[in-house]
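Student: What follows is the residue order along each chain.
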Amino acid sequence: DIQMTQSPSSLSASVGDRVTITCRASQSISSYLNWYQQKPGKAPKLLIYAASSLQSGVPSRFSGSGSGTDFTLTISSLQPEDFATYYCQQSYSTPPIFTFGPGTKVDIK
Amino acid sequence: EVQLVESGGGLVQPGGSLRLSCAASGFTFSSYEMNWVRQAPGKGLEWVSYISSSGSTIYYADSVKGRFTISRDNAKNSLYLQMNSLRAEDTAVYYCARVCPYYDSSGYYAYDAFDIWGQGTMVTVSS
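Same order as they appear, the protein sequences are chains Y and G. Mapping the first sequence onto my numbering, position 105 (from 1) lands on 109, and the numbers just tick up by one. Mapping the second sequence onto my numbering, position 36 (from 1) lands on 459, and the numbers just tick up by one.
So that you can see chain Y by itself, here it is in the shape it has in the complex (with noise of 0.2 Å):
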């Protein structure tokens, strides 16, 4: 099975900050990577998928890049509604198992 792993687990940042959040699979997994964002007591919200493509409605200041087994989601300028916890999540495994990573918490500085 795959395993994903992020880095860091936390981070403390303040409000314009550029935030990196780093993904590693255990294996090549091409482009198929997700980025969701979760608030306390609220369901994830998808914020990237295949790596790179924003999903629709989410600000332009969230991006994502990599590919086969290394993965970053920058926040260009971390705004107050950005604290929160992101994870990824590899969608390349046939058959279907969504193996998700660990998260990473952003909180404030």
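Certain hints may be false.
[Claimed, not checked] Facing chain G, from chain Y, some residues (calculated, C-beta under 10 Å):
{"hint": "1", "residue": "R28"}
{"hint": "2", "residue": "P48"}
{"hint": "3", "residue": "Y53"}
{"hint": "4", "residue": "F102"}
Keep in mind that the hints were calculated from the coordinates and are not lab data. Computed from a predicted model, the values in this text were never measured in an experiment. The beta-carbon is built from N, C-alpha and C at its ideal position, and this holds for glycine as well.
Dock chain G against chain Y, hints included.
Tutor: Chain G in isolation, oriented as in the chain Y frame:
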């Protein structure tokens, strides 16, 4: 409005059973693959089960295989999760999530992502 609404959660004793439901509205439910995802208190997301649009193809995480059964009724726009032999470690918020197909630059179906999620229903397994 495109929406998924889960129900059926609650408190159950170890070894007991529970059936979760997910009601879909605002889209053609029968055209979409669906999943269940859970989140234990204070923990991350764990994929639980997948079902194809017709219901003919089903997969489970190893942690629930043999105990949980996913199903759907396209006539009722509903997804279900029958949970048997429940354990304390099954305690979690359970979400249903729609799979959205995405296409590559050539227009071919290439990628999947969970674009619509329900609000979740809490399952607590405790004596």
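Student: So, for every hint listed, does it hold in this structure?
Tutor: We went through each hint and held it up to the structure:
1. R28: 15 Å, violated
2. P48: Holds - the Cβ of P48 of chain Y comes within 10 Å of chain G, reaching about 6 Å at its closest.
3. Y53: Cβ of Y53 of chain Y sits 4 Å from chain G, so the hint holds.
4. F102: Since the shortest Cβ distance to chain G is 4 Å, the answer is holds.
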